[in-house]
Each structure stands twice: as C-alpha cells, then as structure tokens.
Amino acid sequence: MKKHIIKKEAVSTVVYPVVFGIILVVLWQTQILHHLLGTDTFTLPLPSRISSIIGDNIGVIMTNVQATVFVALAGLLFGSLLGFILAMVAAMSPHWGAGGLTIATAFNAIPIIAIAPIFTNLTKDFSSDPNVRSMFAKILVVMITCTVSMGINAYRGFTELKPFSLDLMKSYAAGRWTVFFKLRLPNCVPYIFTALRISVPGCVISAMVSEYFAEYIIGVGRQIRESIVLAQYSTAWAYIVTACLIGVVMYAVLLIVENILLKGRGIK
Amino acid sequence: MERKSDVRKKSVILAACAVAAGLALNGCTKKAESSAAASSAGGPNFAKGTPSETIIKTSAAAGKVGNWGLGNEYEILALLSKYGQDQKFLSQAFDMDGFDDSSIWLASAMTYNELGLVKNSYEGGYKYGDTVGTIDMNDEGVAMLEDNIFSNRAFAKANPNTVKAFLAASVKGWKYACEHPDEAAQIVYKYGSSVSSEHQSYMAGEVKKLVETDTKGSTVTNYGNMDTAAMQQTLDLAKKYIKLSDSAASQKLSTFTLDNVMDASYLADAAAGKFGKPEKSSVSIQLKWLPQAQFMGYYVALDKGYYKDVGLDVKIVPGGGDISETTAVYSGQVDFGVTWVSNLIAANAGGMDLVEVAQVYQRSGLVLVYKYAK
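Going down the list, the sequences are from chains A and E. Letter 219 of the first sequence, counting from 1, is numbered 219 in the numbering used here, and no numbers are missing. To convert a position in the second sequence, counted from 1, into the numbering used here, add 268.
If you're looking for bench data, these hints aren't it; they were derived computationally from the structure. Check before you lean on any hint, since a few could be wrong.
[Unchecked claim] Using 25 Å as the maximum straight-line C-alpha spacing, the simulated DSS-like pairs for lysine-lysine come out as follows:
#1 A:Lys124 - E:Lys639
#2 E:Lys583 - E:Lys476
#3 E:Lys508 - E:Lys542
#4 E:Lys395 - A:Lys124
#5 A:Lys124 - E:Lys356
#6 E:Lys387 - E:Lys642
#7 E:Lys387 - E:Lys440
#8 E:Lys545 - A:Lys124
#9 E:Lys425 - E:Lys440
#10 E:Lys576 - E:Lys548
#11 A:Lys263 - A:Lys162
#12 E:Lys425 - E:Lys508
[Said to hold, decoys possible] Only part of the chain A face toward chain E is listed, based on derived beta-carbon distances under 10 Å:
#13 Thr41
#14 Ser51
#15 Pro117
#16 Ile118
#17 Phe119
#18 Glu160
#19 Phe164
#20 Tyr212
#21 Arg225
#22 Ala231
#23 Ala238
Virtual Cβ for every residue (Gly too), placed ideally from N, Cα, C.
Just chain E, same shape as in the assembly:
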C-alpha cells in the first residue's frame, strides 16, 4: 500500500524528468537551428533571374543539392561536374519535405511529379505556386533519356511479333493519351489511385510535353522514336558518371555502343504494321513506379482494347519502392519493363542482356527546383 506522500513524491519526480527532457530536446533543436542559420550563406532563396550557374555553385558549395540516388543521380553529377563542383549530393527522400523546410536548397524533382506537388495546392501539394524556379537538364546539356520500353534480348529475338505487336498497341495508346490527357489521367486514376486525380491530370499534361518534345525543344510525332544523338549523349554521360565497383562491369561499360543498348528494328516494323500473330499472347509489363499518369500510354492501351486488337492479353505490374524492374524482366517474372536508359546501361554492364525497343520520353523530365527570394 503506497502512502499519499509517496505517490506525490513520485509524481513530482516524474514531472521534473519530463520537463528536463523537454528542455533538453528544445535546447538541441535551438542550437541546431542557429547553427543552420549561420551557415546559410547565399541560400536557400535565390533572386529571380539569377543565372543557373550561380545557383548551382552556391548550393553545391554549401552541400545543399539533393537527389534520390538509386540510379537517378547521373544528370546531377554531370551538372555539378560541368560547373567544377564536387560530385556530392544530399540523399533526398521520396517526398519534398527536405525542400519545404529548406534543408535542401536545390532539390531534384520530376516535372510531372514532384514539381507538381511543390507548385500546386491540391491534396498533398506544398502550395509554392510561382515562387519556385527550375533548372532544366535539357537546357543545361546534361540530359539523359528516361522512360523507355525494354525486354530481354533473347525474349525479343524469340518473340519478334509479340514485341512488335506490343509496341504498335502501346504507341497507339500513347498517341491517344497525348491527344486526350485529361481522359488518360482519369483512366489511370481508375486503375490505381496512388496520387489524387488532380495530380494525375497535372502529371498527364506534363508527361505529354516530355513525350512530344525532344531535348532540343522540337516537336516529335513518331512516338517511341530513339533519337540517335540523344541516346548517344545518354550513353556518353552514363559511361562517365556511372561508377561501378565491379571492375569487370566497369570495363564492359567502357566498351558499350548504342547496339549494346537499343534495337530500333522492332519499332520500325511496328510503325509500318509489318508483324504477324504474336508468338506469346499473354504478356506482362513492369512499371518503374506506382500507377500514375507517368505510364498513361499503357493504361489507355489496355483500357481502350488496343492490346486486345493486336492479339495480346497484357497485365500491367506496378512498381514502387525498391522494386527493380530490370531484375524482374531479367528473371522472366515479366516480359517487358519500363525503366530509365541509365538503369538499363548499368544492368547490362553488370551482366544482364536487356534491349531497349522504344524510347517513350523524348526529353529528360528531371529538374532542380529552388525557391525565389521574396
């Protein structure tokens, strides 16, 4: 049986401990905040019209450039190298909280995804509107091509009609999606609501720009086209900035030509309609991320029956997190995949034999976003 005085004593001690802990934590934060403020020489806000060179140099010197890593960082490394900066970046989480609280000054963002979240005020948006500026990789000359369709080289060789039929239907789906982006966004939202439908609409509009404009700004009408110059730039940057610890892989990478990466013959035949009955009618495609308008072409093709028209029964497998689309295709779990060209190059250097059959995104969608000074 505890006496009242014992209980009172214990509650006083407990309260004192809680207060002390709270003060200590607060003290820690205050100390960190003041030291952070003291070190923010030049950033995190930049006046409108500041040249990108200044912004990049200031942010890199302070160590406040961010990227997700995991194979998405090569354009950033190329950009830092272009301006003579150290090739270091902060590891950015998959949200934009680091940009929001200014712990990252120059954050990586995809025009169709993270940039939309930063600018807009719908669900999940950070409401920055026009108070942010961007540095575009295409304009800086360090663009590496991204979303493409690929499969195992052996699979493509053994099932050429399947590949051509798949490409024909997918290209038709992308064409429709680009002509009707809002409808495409709604179709994708129906298949997977990983982001809000307003964000899907924004994303569809931005993805259309990436699919229909090339790295130099010209319009593209042959969807999926693999522009040799842009692909070569991607390969050259990959050779320079993908550092592989495996010396055998590194050696292999240095010998790569475009033939190790892509094969344009399938797309050419698909566009001309020169293909027969698919050898394998039940196929699957592994997406690079969660279902969103980034992949609207495939969902539209599925929804409108374009795949069925060419005799294919297609299953779209969502990605996300650490799911590796190159591994999924290599192991035969899926027949096709969507990945970035740099990932495919690294995978082939490591020992896989993947081949790109269509380049859906004609320009890089990666930008570095920064806040304008008030």
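Just chain A, with the same shape it has in the complex:
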C-alpha cells in the first residue's frame, strides 16, 4: 500500500516537470517558441548555441558557479542559524522575541537591489583583499533573506504545538528547557524544512543579485550583467541557464535530504 503511494508521488514530483522541461526545450530549439513570443534568435539564442558556449567555457563558468554557490550556501547556513536563534529567543522569552522577529521581517521588506550597495560600502574595511570583502558583503545580503524565512517558520514550529501537549508537560512539572528540548524542538523540524524550501531558491537569487553590486567581478549573476551590457546575448543566456541549473540542483538536493530526514513522520 505504502509503495503504491510513494510511486504516485514520484510520478507527480519528478516525471511531470521533466516532461515539461523536454517539451519546452523542443519548442525552443525548433523556434516555435520564438514565433509564440515574437522574438528572434539573437535575443533568445537556440539551446544548441547556448550549450556550445557552456561547453567551450566550462572552466570559467565553473569558477563563477563556485563563487555563487559558496556565497549562497554560506548565507543560507549563517542566515538560517541566526533566524533559528532569533526564533528560539522569541519563543522562550516573548518579551524580547516578538520585537526581534518584527525587525528582521522589516529588513526583509527592503529590496535587495537597495541593500546590496549599502552593505558593499559598509564592509569596505573588512579586508584588504577585494574578493574577501565582496564575499563578506554578499553573504550578509543573502543572510537577510534566509534569517527571516527561518525565523518565522521556526517560531511557528516552536509555538504551534499539538493541543494539550503543553498542558501535559505542565502536568509533569517539566521545566522550560525540558519542554523546549522534548516538545518544541522535535515539533519544529518539519517547519525548518518549510523554511528551507523558501530559503534555498531565495538564497540563490539573493546571491546573484548581490553580485551585481559587489566590488569583485565574479559570479553567475554578475556575468549575466557584464554580458548583456556588451550585447553578448548568447553568453548571457549561457549564464542564465547555468543559474537555473544551480537553483534546480540545490532544490532537488533539499528535497532528497528532506525525504531522508523526515521518513516515517506521517502524512505530508
């Protein structure tokens, strides 16, 4: 019975998107897409051209991919940690916490395009190496997105408990920290993954946008900008496709990890 359910889920989560992707690529290569969108092969190069550029420049592209993924993952890690701590503080001492979460949410409302140059300026004195300076500023920007997502979801995980479970703990005369480790923390785990489902694509986007304004010229997002300004659309598209692949791969990894860690937790 369980195997049946898993197979059905596998079909909808994996097979349908893959089929959709293949149809899209076919439409694109045969230029039906160009007719539909009313564009030409200069602004929207064919997949064959894009893949040949990626193949020719795989070394340079991988260097840029490494830079972007490093920034995205570092921001994801530190941002999520910070968000988790904020949520913990908010849940354990409501007097401090509620304000902290609100401030973090307010920060998230500021567009990245505005915040990235500000952080680049603020972190000017961090290091004498421009690559390190830029990396630091970019990671700070990515952290903002991830902190809020994790903070809010973890807070819900800590506070939205099954009815009467808190009362049960009280009846056992459990202390605050016992309740935290035995009840709130295990309850939080699915909420952490909900947060990561938002944060992982979000951190990739933030990383790429923050590269636009960084001091050091590196990263997939930055190369898109540099190519478009020089009217090199095929190269820009090569990096755009690379960016999409980064996002898809990271999200797929997240889903696999979630599947492993949340096995047997019941109906999703």
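Go by the hints and put chain E onto chain A.
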C-alpha cells in the same frame, strides 16, 4: 507583569550585547586598517614627476588599479599589458569614494566627469584641486575612441536622408556648443539636472577639448570626422583586448575591418548639404548616460531648433545605470544612439549590425588619476 528587577536585568544584558558588538566591529576595522597600511608599499601617493611607467607598475603590482568594467576597461587592459602587468583591475563604483579613501590608487576617470568631481569643490566635489596627477590614454598610445553616433545599418540604408539631416543638425549643434560652452552647459542643465550646473560648465569645457583635439594633439575643425588611423587603432585594440566567451562572436571579431564598424559617406553628404527631405521625421536618440554636458551638442541642436530646420522632430532619451544603448537601437526602440566604439564593435561581433555614422569625440577622455605625495 514584569518586576523592576527583571526589567533592569534585561536592560543590562542588552547594553552589554551592544557594547560587545560595537567592540567586535571596531576590532574588525582596526585589524583591516593595520593590514592595509602594512601592504601599501609604494602607494597610494606618488611624488610629482614620477614617470607614469613607475606609477602603473607599482599600482598594478599592489592590485590597486580601478575601472568600472562593463565595456570601459579595454584601454586600461592595453595599458597594463604595455607595461607587462597582469590584466586585472578593481571594480570601481560609479562614484570616486574608492579613490578618496585610497582603496584604489590609480582610479579610472573621464576628464569631463569624474576628474572634475575629484578636483573641484562645488557640490559633489572631492576638493583635491592640484594635488592629483593623471595618466592620459592618448599620450600612452592606447587610446580608443569613445562617443559616436550610430544606428542600425538597415535603418541607415533605408533612411539615408534622415541620417544625413540628423548628422547635419547635430554637427551644427556641436559646433555651437564648442563655441559657447557655458551657454551649452546651461541648456543641458535645463533639460536634465543630474549634476550641478557648475559641474556642467566644467564638463562642457572639457568635452570641447575632446571634440576639437585629436589623439595626437592637433586641432580638428570638421566635427564628427572619423579619422582612419585613430579608428584603426581602436579596432586593433578591441580585437586584442575584448575577450568574448562566445566562440562564434570571437571568430567574427577577429575578421573585422573598419567597414564592419563605420560608414563615412553619410557624414560627407551631410557636411556638403547633399540630402533631401527626411524619410522619417520623428526620430529618437539614446544617450549613453544621464543628461549632462557630455551630450551638449544634441541638446543645443534641439534647443536652438537645428533639428526642426532640417525637418526632424527629435526626442533625446537619457541613458544611465545598465541601460544598453546598443540593445535599444538594435531592437528599434530608438533610431540613433551614442556609444563608445568598443561597445559597437563588441555588439556587432555578438550578432548586431550597427554602423557608426559620426565620431564626435576625436580623442579618448579616459585618464587614470592618482594622488600626489605631500
């Protein structure tokens, strides 16, 4: 209900956290400053009279040469290559703060724009006055020509009278602007106040020099002239230093001749007055940047009615940020554009078919600016 002691406890903890954070940040900065000071061997100040070769080699070795990138860096790369240095530069923001706080020793600057801001004390100026020196790309032999007028080759072929009329009126506008730079500055300021009016006046004076002097220092009277030698140098440097990831584009670039880039016939006919009624009377021109005296010729022509005299109704579209003038012209959003020759070459290599019809700036306005030692 919180007891007073609880509130006091919390405020003490909060204060302690703030102090700790402040100290940590301060500690970070101090550490960075001392390491920066230790690594500044030779720069950021250079004694007056130091030969440019020394300045370039010292700054490049320390990795403190700056440029904005985005298609403006080829002359710098050529210069670094000339002196056997690594072709690396720091990404410079559009302001001169990096030069001001000495994180960049040799900063890129346009004579009419950033250099003016560095030297002068009006609004937005950094007040350096005569305490800065410059390295001129023209003198170093790595000049690439900049502001020009271009359009789609197909458009020019289909609307030759429009192009010639536009050039005739624009050249007239540039002539007037160069003869009366202060008035031109005021006209531009009227159309767009992206910089202060004093800066516009400074800019107008410097732009006049670029329009009326060629790369060798001689005076030019036929405005818009496309000097073959200077254009060829620009093309040769472009072929050498524009690195395109697209192998097809790279291949195409290596085969380029001046015919792929420019067509002087339109300007010749415009100067001789040999053109008829424009085929398209309502045209637009995309500027490379925000409205400023860099483009004073077009604004003067518009303001004084020169465009109207030849039967054109012209709309001037400001640029700025990442707006790509080559894309705007290619897609047909605008009819003409102002760009640098290297951008046009790269765009054509990438697959566009743009043609330059007039070379407004006769010499490169790009310099590297450095601070004199006290």
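Hint check results:
Under the criterion of a C-alpha separation no larger than 25 Å, the hint pairing lysine 124 of chain A with lysine 639 of chain E is consistent with the structure, at around 20 Å. At most 25 Å may separate the alpha-carbon atoms for a hinted pair to count; lysine 583 of chain E and lysine 476 of chain E meet this at roughly 23 Å. For the suggested pair lysine 508 of chain E and lysine 542 of chain E, the alpha carbons sit about 38 Å apart, so the restraint of at most 25 Å is broken. Distance check on the hinted pair: lysine 395 of chain E and lysine 124 of chain A sit about 22 Å apart at the alpha-carbon level, within 25 Å; holds.
Restraint check for lysine 124 of chain A and lysine 356 of chain E: the C-alpha separation of about 19 Å stays at or below 25 Å, so the hint holds. For the hint pairing lysine 387 of chain E with lysine 642 of chain E, the CA-to-CA distance comes to about 16 Å; that is within 25 Å, so the pair holds. Taken as a hint, the lysine 387 of chain E and lysine 440 of chain E pair is broken in the structure, with Cα atoms around 31 Å apart against an allowance of 25 Å. Restraint check for lysine 545 of chain E and lysine 124 of chain A: not satisfied, since their Cα atoms lie roughly 57 Å apart, outside the 25 Å limit.
At most 25 Å may separate the alpha-carbon atoms for a hinted pair to count; lysine 425 of chain E and lysine 440 of chain E meet this at roughly 23 Å. This hinted pair checks out: lysine 576 of chain E and lysine 548 of chain E have alpha carbons roughly 13 Å apart, not beyond 25 Å. Taken as a hint, the lysine 263 of chain A and lysine 162 of chain A pair is honoured in the structure, with Cα atoms around 20 Å apart against an allowance of 25 Å. Between lysine 425 of chain E and lysine 508 of chain E the CA atoms are separated by roughly 30 Å; this puts the pair beyond 25 Å, and the hint is violated.
For the restraint placing threonine 41 of chain A at the interface with chain E, the shortest Cβ-Cβ distance is roughly 9 Å, inside the 10 Å limit, so the hint holds. With a cut of 10 Å, the hint placing serine 51 of chain A at the interface with chain E is violated, because the nearest CB-to-CB distance is about 12 Å. The interface hint given for proline 117 of chain A holds, since its Cβ lies 8 Å from the closest Cβ of chain E, which is under the 10 Å cut-off. About 12 Å separates the beta-carbon of isoleucine 118 of chain A from the nearest beta-carbon of chain E, more than 10 Å, and the hint is not met.
With a cut of 10 Å, the hint placing phenylalanine 119 of chain A at the interface with chain E is violated, because the nearest CB-to-CB distance is about 13 Å. Among the interface hints, the one on glutamate 160 of chain A is violated; its C-beta lies about 25 Å from the nearest C-beta in chain E, farther than the 10 Å criterion. This hint is violated: phenylalanine 164 of chain A has a C-beta 27 Å from the nearest C-beta of chain E, more than the 10 Å allowed. At its closest, the beta carbon of tyrosine 212 of chain A sits 9 Å from a beta carbon of chain E; the interface hint therefore holds under the 10 Å criterion.
Residue-level restraint check for arginine 225 of chain A holds (minimum Cβ-Cβ distance to chain E is 7 Å; threshold 10 Å). Taken as an interface hint, alanine 231 of chain A checks out: its beta carbon lies about 4 Å from the nearest beta carbon of chain E, inside 10 Å. A least Cβ separation of about 7 Å between alanine 238 of chain A and chain E falls short of the 10 Å threshold, and the interface hint therefore holds.
In terms of the numbered hints stated before, the structure departs from hints 3, 7, 8, 12, 14, 16, 17, 18 and 19, listed from lowest to highest.
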